[in-house]
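Number of protein chains: 2
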Amino acid sequence: MAKSDIEIAREATLQPIAEIGAKLDIPADSLLAYGPHKAKVSFDFLKTLQDRPDGKLILVTAINPTPAGEGKTTTTVGLGDGLNRIGKKTAICLREPSLGPCFGMKGGAAGGGYAQVVPMEDINLHFTGDFHAIGIAHNLLSALIDNHIYWGNALGIDQRRVAWRRVVDMNDRALRQITSSLGGAANGFPREDGFDIVVASEVMAIFCLATDLEDLTERLGKVVVAYTRDKRPILAQDLEAPGAMAVLLRDALAPNLVQTLENNPAFIHGGPFANIAHGCNSVIATKSALKLADYVVTEAGFGADLGAEKFFDIKCRKAGLKPDAAVIVATVRALKSHGGVAKDGLGTPDVEAVRAGAVNLQRHIANVKKFGVPAIVSINHFVTDSDAEVAAVKAAAEEMGVEAVLATHWAEGSAGTEDLAHKVVALADSGTAQFAPLYPDDLPLWDKVRTIATELYGAADIQADQKVRNQFKDLEAAGFGHLPICMAKTQYSFSTDPALKGAPSGHAVTVRELRLAAGAEFVVAICGDIMTMPGLPRRPAAVDIGLDADGRIDGLF
Amino acid sequence: MAKSDIEIAREATLQPIAEIGAKLDIPADSLLAYGPHKAKVSFDFLKTLQDRPDGKLILVTAINPTPAGEGKTTTTVGLGDGLNRIGKKTAICLREPSLGPCFGMKGGAAGGGYAQVVPMEDINLHFTGDFHAIGIAHNLLSALIDNHIYWGNALGIDQRRVAWRRVVDMNDRALRQITSSLGGAANGFPREDGFDIVVASEVMAIFCLATDLEDLTERLGKVVVAYTRDKRPILAQDLEAPGAMAVLLRDALAPNLVQTLENNPAFIHGGPFANIAHGCNSVIATKSALKLADYVVTEAGFGADLGAEKFFDIKCRKAGLKPDAAVIVATVRALKSHGGVAKDGLGTPDVEAVRAGAVNLQRHIANVKKFGVPAIVSINHFVTDSDAEVAAVKAAAEEMGVEAVLATHWAEGSAGTEDLAHKVVALADSGTAQFAPLYPDDLPLWDKVRTIATELYGAADIQADQKVRNQFKDLEAAGFGHLPICMAKTQYSFSTDPALKGAPSGHAVTVRELRLAAGAEFVVAICGDIMTMPGLPRRPAAVDIGLDADGRIDGLF
Numbered sequence: 009m010a011k012s013d014i015e016i017a018r019e020a021t022l023q024p025i026a027e028i029g030a031k032l033d034i035p036a037d038s039l040l041a042y043g044p045h046k047a048k049v050s051f052d053f054l055k056t057l058q059d060r061p062d063g064k065l066i067l068v069t070a071i072n073p074t075p076a077g078e079g080k081t082t083t084t085v086g087l088g089d090g091l092n093r094i095g096k097k098t099a100i101c102l103r104e105p106s107l108g109p110c111f112g113m114k115g116g117a118a119g120g121g122y123a124q125v126v127p128m129e130d131i132n133l134h135f136t137g138d139f140h141a142i143g144i145a146h147n148l149l150s151a152l153i154d155n156h157i158y159w160g161n162a163l164g165i166d167q168r169r170v171a172w173r174r175v176v177d178m179n180d181r182a183l184r185q186i187t188s189s190l191g192g193a194a195n196g197f198p199r200e201d202g203f204d205i206v207v208a209s210e211v212m213a214i215f216c217l218a219t220d221l222e223d224l225t226e227r228l229g230k231v232v233v234a235y236t237r238d239k240r241p242i243l244a245q246d247l248e249a250p251g252a253m254a255v256l257l258r259d260a261l262a263p264n265l266v267q268t269l270e271n272n273p274a275f276i277h278g279g280p281f282a283n284i285a286h287g288c289n290s291v292i293a294t295k296s297a298l299k300l301a302d303y304v305v306t307e308a309g310f311g312a313d314l315g316a317e318k319f320f321d322i323k324c325r326k327a328g329l330k331p332d333a334a335v336i337v338a339t340v341r342a343l344k345s346h347g348g349v350a351k352d353g354l355g356t357p358d359v360e361a362v363r364a365g366a367v368n369l370q371r372h373i374a375n376v377k378k379f380g381v382p383a384i385v386s387i388n389h390f391v392t393d394s395d396a397e398v399a400a401v402k403a404a405a406e407e408m409g410v411e412a413v414l415a416t417h418w419a420e421g422s423a424g425t426e427d428l429a430h431k432v433v434a435l436a437d438s439g440t441a442q443f444a445p446l447y448p449d450d451l452p453l454w455d456k457v458r459t460i461a462t463e464l465y466g467a468a469d470i471q472a473d474q475k476v477r478n479q480f481k482d483l484e485a486a487g488f489g490h491l492p493i494c495m496a497k498t499q500y501s502f503s504t505d506p507a508l509k510g511a512p513s514g515h516a517v518t519v520r521e522l523r524l525a526a527g528a529e530f531v532v533a534i535c536g537d538i539m540t541m542p543g544l545p546r547r548p549a550a551v552d553i554g555l556d557a558d559g560r561i562d563g564l565f
Numbered sequence: 009m010a011k012s013d014i015e016i017a018r019e020a021t022l023q024p025i026a027e028i029g030a031k032l033d034i035p036a037d038s039l040l041a042y043g044p045h046k047a048k049v050s051f052d053f054l055k056t057l058q059d060r061p062d063g064k065l066i067l068v069t070a071i072n073p074t075p076a077g078e079g080k081t082t083t084t085v086g087l088g089d090g091l092n093r094i095g096k097k098t099a100i101c102l103r104e105p106s107l108g109p110c111f112g113m114k115g116g117a118a119g120g121g122y123a124q125v126v127p128m129e130d131i132n133l134h135f136t137g138d139f140h141a142i143g144i145a146h147n148l149l150s151a152l153i154d155n156h157i158y159w160g161n162a163l164g165i166d167q168r169r170v171a172w173r174r175v176v177d178m179n180d181r182a183l184r185q186i187t188s189s190l191g192g193a194a195n196g197f198p199r200e201d202g203f204d205i206v207v208a209s210e211v212m213a214i215f216c217l218a219t220d221l222e223d224l225t226e227r228l229g230k231v232v233v234a235y236t237r238d239k240r241p242i243l244a245q246d247l248e249a250p251g252a253m254a255v256l257l258r259d260a261l262a263p264n265l266v267q268t269l270e271n272n273p274a275f276i277h278g279g280p281f282a283n284i285a286h287g288c289n290s291v292i293a294t295k296s297a298l299k300l301a302d303y304v305v306t307e308a309g310f311g312a313d314l315g316a317e318k319f320f321d322i323k324c325r326k327a328g329l330k331p332d333a334a335v336i337v338a339t340v341r342a343l344k345s346h347g348g349v350a351k352d353g354l355g356t357p358d359v360e361a362v363r364a365g366a367v368n369l370q371r372h373i374a375n376v377k378k379f380g381v382p383a384i385v386s387i388n389h390f391v392t393d394s395d396a397e398v399a400a401v402k403a404a405a406e407e408m409g410v411e412a413v414l415a416t417h418w419a420e421g422s423a424g425t426e427d428l429a430h431k432v433v434a435l436a437d438s439g440t441a442q443f444a445p446l447y448p449d450d451l452p453l454w455d456k457v458r459t460i461a462t463e464l465y466g467a468a469d470i471q472a473d474q475k476v477r478n479q480f481k482d483l484e485a486a487g488f489g490h491l492p493i494c495m496a497k498t499q500y501s502f503s504t505d506p507a508l509k510g511a512p513s514g515h516a517v518t519v520r521e522l523r524l525a526a527g528a529e530f531v532v533a534i535c536g537d538i539m540t541m542p543g544l545p546r547r548p549a550a551v552d553i554g555l556d557a558d559g560r561i562d563g564l565f
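Chains as they are written, first to last, in my numbering: chain A, 9 to 565; chain B, 9 to 565.
In case anyone wonders, no lab produced these hints; they're calculated from the structure. Ideal Cβ placement from N, Cα and C applies to all residues, glycine included. Any given hint could turn out to be false.
With beta-carbon atoms standing in for the labels, derived distance ranges [claimed, not checked]: (1) A:Q471 x B:E200: 53 to 61 Å; (2) A:L163 x B:A557: 25 to 33 Å; (3) B:M539 x A:K239: 35 to 43 Å; (4) A:T392 x B:A557: 56 to 64 Å; (5) A:D33 x B:F443: 54 to 62 Å; (6) B:D556 x A:L57: 21 to 29 Å; (7) A:P24 x B:R169: 33 to 41 Å; (8) A:P357 x B:T56: 53 to 61 Å; (9) B:D562 x A:K239: 29 to 37 Å.
To give a feel for the contact side, a few chain B residues facing chain A, derived at Cβ under 7 Å [as the list claims (entries may be wrong)]: (10) L40; (11) G43; (12) L148; (13) R184; (14) G191; (15) N195; (16) L221; (17) A254; (18) G554; (19) L555.
Could you build the full structure based on these sequences and the hints that come with them?
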């Protein structure tokens with residue numbers, strides 16, 4: 009029987025974090041250790057790297073996710089190890105997992121099999137405290153808003169129009185909608201409120217897009233927290249909140265260094281939602297890694313329609329990053345799912361279904377090329393995959409002019425990604441990348457959304473009712489027309505219908521609402537039900553999690 | 009002009025934490041570093057110390073606090089430095105400050121002047137993440153309660169009788185009373201709820217009283233989270249919550265090591281409220297320090313009526329600690345306040361007022377002796393104190409058969425506590441301590457409260473209405489009669505009236521409510537308005553807190 013992820017992780021021999029840092033020539037005294045196997049890299053050291061050339065940037069993205077699983081994080085780790093194996097100085101950059109979902113259904117998010125980052129328990133739980141810092145900085149602003157109203161409300165905040173909810177790093181549906189300030193005059197003015205999970209906080213998005221502490225503070229100040237009765241926006245800086253918030257975030261903003269099972273360096277820093285936010289690790293981590301390594305492998309949330317698009321159009325645009333290659337992860341099982349096979353039939357060979365589902369992969373290949381980034385497909389191998397099915401995926405990729413490579417890192421670690429690594433190096437070093445965002449800054453917001461929907465989703469057009477159309481106009485008029493769009497739609501389909509698998513075309517994308525993230529500097533276009541506070545399942549993972557007699561963590565996967 | 013605390017702290021030369029650990033013979037690899045100047049001491053190492061003899065335990069307590077300030081933490085730090093200065097291997101044990109109040113009015117809680125623990129910004133903010141871990145463990149249990157109700161409520165929880173609120177580490181009055189689970193069926197069953205600040209969580213009290221991870225888990229399981237319609241208690245273990253909560257608390261439970269300005273070792277670990285909880289640092293930190301040092305100086309919250317009593321009757325009773333001496337901190341200014349002088353007159357010499365107020369000090373001296381612990385008074389010197397006033401304090405102490413020593417650590421560091429240190433050593437080494445709790449375990453709960461009130465507070469008797477008397481009976485009947493009492497009353501007076509200074513006698517103490525803390529293993533007797541969620545002032549400290557151009561923290565005092 010195959011070993012569980014945690015069993016494999018426990019058998020790993022971790023190196024002291026100073027040795028991992030040394031692989032990137034980080035001096036030991038520039039590492040702020042959090043125990044023996046985690047460290048933050050000091051800003052003072054990072055500042056000295058400004059003039060170094062950047063390494064090559066490789067994005068790992070995927071087809072639309074299915075219940076079959078794709079293994080994007082696993083591939084990022086496996087490819088990073090493969091590149092190191094073939095002698096390339098490589099670092100990977102991942103998002104930090106959210107603690108709350110570990111106690112629900114999801115399990116950890118630190119890779120799997122022989123392609124994991126460690127110490128996995130730490131990474132999945134408190135890690136270096138970044139999310140706690142983000143949560144408390146967010147909630148300080150919340151407290152300052154209600155406190156301002158309580159003490160006379162000099163700014164004239166309309167308590168019906170507070171736009172800043174509270175956050176907790178927990179799946180807690182009971183907090184989605186509340187009334188606060190009950191209990192009489194001493195507790196303030198009752199109003200409707202609610203909690204989001206920490207990863208959905210705009211502070212998280214800001215944290216991940218900020219280039220330094222100054223930029224962070226400035227962005228925090230621009231957050232719109234509420235409106236007056238005459239709909240004038242009230243900003244965080246009007247409450248004099250950004251300084252204290254930045255103080256709470258200062259230490260967290262330094263990137264975290266850990267290692268893979270094969271003792272290669274991994275930066276894990278920041279983790280914004282991939283629907284109402286942009287779903288990539290921090291700009292600071294990626295930029296630091298590019299100064300320290302010759303190759304940097306990073307991933308973006310969900311499928312390429314959401315994750316890669318936002319990575320390119322938001323993160324790369326804003327941070328001036330130039331990706332050199334993209335790896336699109338697919339599995340035979342997931343393509344069968346896109347080809348119409350139900351979950352319990354995914355283990356049965358079905359070449360026709362793979363061919364039918366491969367249209368999803370092909371659309372993503374075409375899309376990535378539209379950003380000027382050369383692509384390669386990585387087939388994340390499962391033991392049930394037949395040779396004919398694998399051949400069908402390769403053929404589908406070749407039709408699009410790209411190569412598909414079988415990768416077996418889950419079972420074999422870096423030995424299973426050597427071939428992929430060589431080909432990714434060739435692609436990244438080919439000089440063929442001509443990265444450009446999909447749309448220019450000065451395109452109107454409506455046209456930006458329309459471009460994404462028609463160019464990438466295969467939609468015929470976008471639509472919105474008059475109220476939402478007015479939101480577009482209002483945001484343009486208020487001077488936010490230059491911001492990029494952050495699409496919030498289902499991750500399961502190119503359309504807004506999660507059941508529409510494959511590569512649907514000609515559909516309409518309905519924009520239901522726009523939300524301004526003035527500090528993060530994007531406009532969220534909501535095209536479906538977006539959940540910003542998950543719930544726990546009937547039997548939460550929490551009930552199976554505990555400490556064994558040796559104080560080790562059981563039940564966390 | 010005198011330097012500010014933060015200016016003094018910044019001028020300090022900190023030693024690497026491994027050097028601080030070496031002073032207590034802690035091997036470097038038993039320190040889990042959190043940056044260069046903070047570390048947790050590993051459980052594996054602490055387990056090896058079991059058979060070592062304990063050092064001497066010295067409690068620092070105080071007269072009833074006044075707006076003038078007493079300087080208990082400052083004295084704890086100064087005395088620890090003084091003991092080290094005279095060649096005694098000494099560690100101090102302090103509570104961790106709560107982050108929330110730093111952004112309100114209070115400022116930091118890491119000592120002051122030349123008697124501080126450092127790095128003060130870290131200690132006052134996230135430190136090693138303990139409070140974040142406690143908060144999220146608490147809120148996981150909250151989420152599991154509502155989730156259980158949502159998925160069918162097999163245990164029959166009466167949602168009107170949920171006894172477990174939520175927590176946040178922030179002064180946020182808007183969350184004191186809320187209604188949760190609004191918004192329709194998908195969000196659960198609406199009910200009344202509210203948030204406390206993290207330090208008021210029973211998880212915090214449990215954390216500070218637990219002797220190891222097993223004890224922690226067992227105590228978490230016993231927490232009463234709700235009642236059924238027929239008033240049967242529902243425990244955390246009924247929800248299978250303790251394992252996951254313990255996982256979240258595992259790393260936090262190892263004690264934190266930092267240093268004083270004079271590079272002496274300081275354990276700072278845990279920080280429960282001193283009203284609805286027992287107000288002492290963790291048992292694990294104190295016990296570890298006793299194995300590692302020859303002298304351990306620790307403090308308890310508020311004045312000796314609350315802090316020392318709970319330290320003796322709850323912490324020492326439960327953990328089997330035997331204190332060897334007590335230092336009672338007083339200031340001339342505070343005694344003048346007890347003698348009836350208003351705040352703006354405290355700078356004017358007034359020997360008569362000092363004499364009048366000294367009855368407060370004398371009552372505390374007598375009380376500490378009732379526990380069989382020899383005492384000494386430390387006069388925390390202010391420049392405005394006249395010689396005659398100081399002499400009056402010394403005379404008042406002598407009347408009670410104890411010595412009073414002038415201490416000038418705030419201005420001079422350990423040079424100002426040499427005399428105190430020599431006398432404390434003499435007292436602790438005298439072998440005169442015959443510690444015993446004030447009341448036996450088997451005394452009925454009512455009589456326990458009565459004993460505290462009459463013996464220590466000078467009250468004639470206690471009183472309660474029939475509903476509360478029934479609570480006493482119900483708790484006895486439910487098998488909780490053996491638990492110690494945790495008094496929750498104003499810290500400003502021996503009575504329940506905060507305005508009654510000095511040493512009132514013959515008053516009645518009204519018990520308004522009992523609260524069971526089954527996991528912490530005490531019964532809280534509430535004798536006044538106890539605030540478990542502070543608010544922010546009109547001009548919160550947060551607005552003056554920020555980062556300077558070098559990324560240093562400004563405005564945090």
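How the hints compare with the structure:
One distance hint, 53 to 61 Å for the beta-carbon pair Q471 of chain A and E200 of chain B, is violated here, with the actual separation near 43 Å. The hinted window of 25 to 33 Å between L163 of chain A and A557 of chain B holds, with their beta carbons roughly 28 Å apart. A hinted range of 35 to 43 Å holds for the C-beta pair M539 of chain B and K239 of chain A, which are about 36 Å apart. Distance hint check: the CB atoms of T392 of chain A and A557 of chain B are about 59 Å apart, consistent with the given range 56 to 64 Å.
Separated by about 57 Å at the C-beta atoms, D33 of chain A and F443 of chain B satisfy the suggested range of 54 to 62 Å. Checked against the given bound of 21 to 29 Å, the beta carbons of D556 of chain B and L57 of chain A, roughly 23 Å apart, stay inside it. Under the hint 33 to 41 Å, the C-beta atoms of P24 of chain A and R169 of chain B, about 52 Å apart, miss the expected range. Evaluation of the 53 to 61 Å hint for P357 of chain A and T56 of chain B yields a pass: the beta carbon distance comes to about 58 Å.
The hinted window of 29 to 37 Å between D562 of chain B and K239 of chain A holds, with their beta carbons roughly 35 Å apart. At a threshold of 7 Å, the smallest CB-CB gap from L40 of chain B to chain A is about 4 Å, leaving the interface hint in force. Given the 7 Å rule on beta carbons, the hint for G43 of chain B holds: about 4 Å separates it from the nearest Cβ of chain A. For L148 of chain B, the suggested interface contact is upheld, since its CB lies about 6 Å from the closest CB of chain A, less than 7 Å.
Interface hint status for R184 of chain B: upheld, as the beta-carbon distance to the closest one in chain A is roughly 5 Å, under 7 Å. This hint holds: G191 of chain B has a C-beta 3 Å from the nearest C-beta of chain A, less than the 7 Å allowed. With a cut of 7 Å, the hint placing N195 of chain B at the interface with chain A holds, because the nearest CB-to-CB distance is about 5 Å. For L221 of chain B, the interface hint holds, the least distance from its beta-carbon to any beta-carbon of chain A being 5 Å, beneath 7 Å.
Of the supplied interface hints, the one on A254 of chain B holds, with its beta-carbon coming within about 5 Å of a beta-carbon of chain A, less than 7 Å. For G554 of chain B, the interface hint holds, since its Cβ comes within 7 Å of a Cβ in chain A; the closest pair sits about 3 Å apart. A distance limit of 7 Å between C-beta atoms decides the matter here; for L555 of chain B the minimum to chain A is near 5 Å, and the interface restraint holds.
Consistency note: the structure conflicts with the earlier hints numbered 1 and 7.
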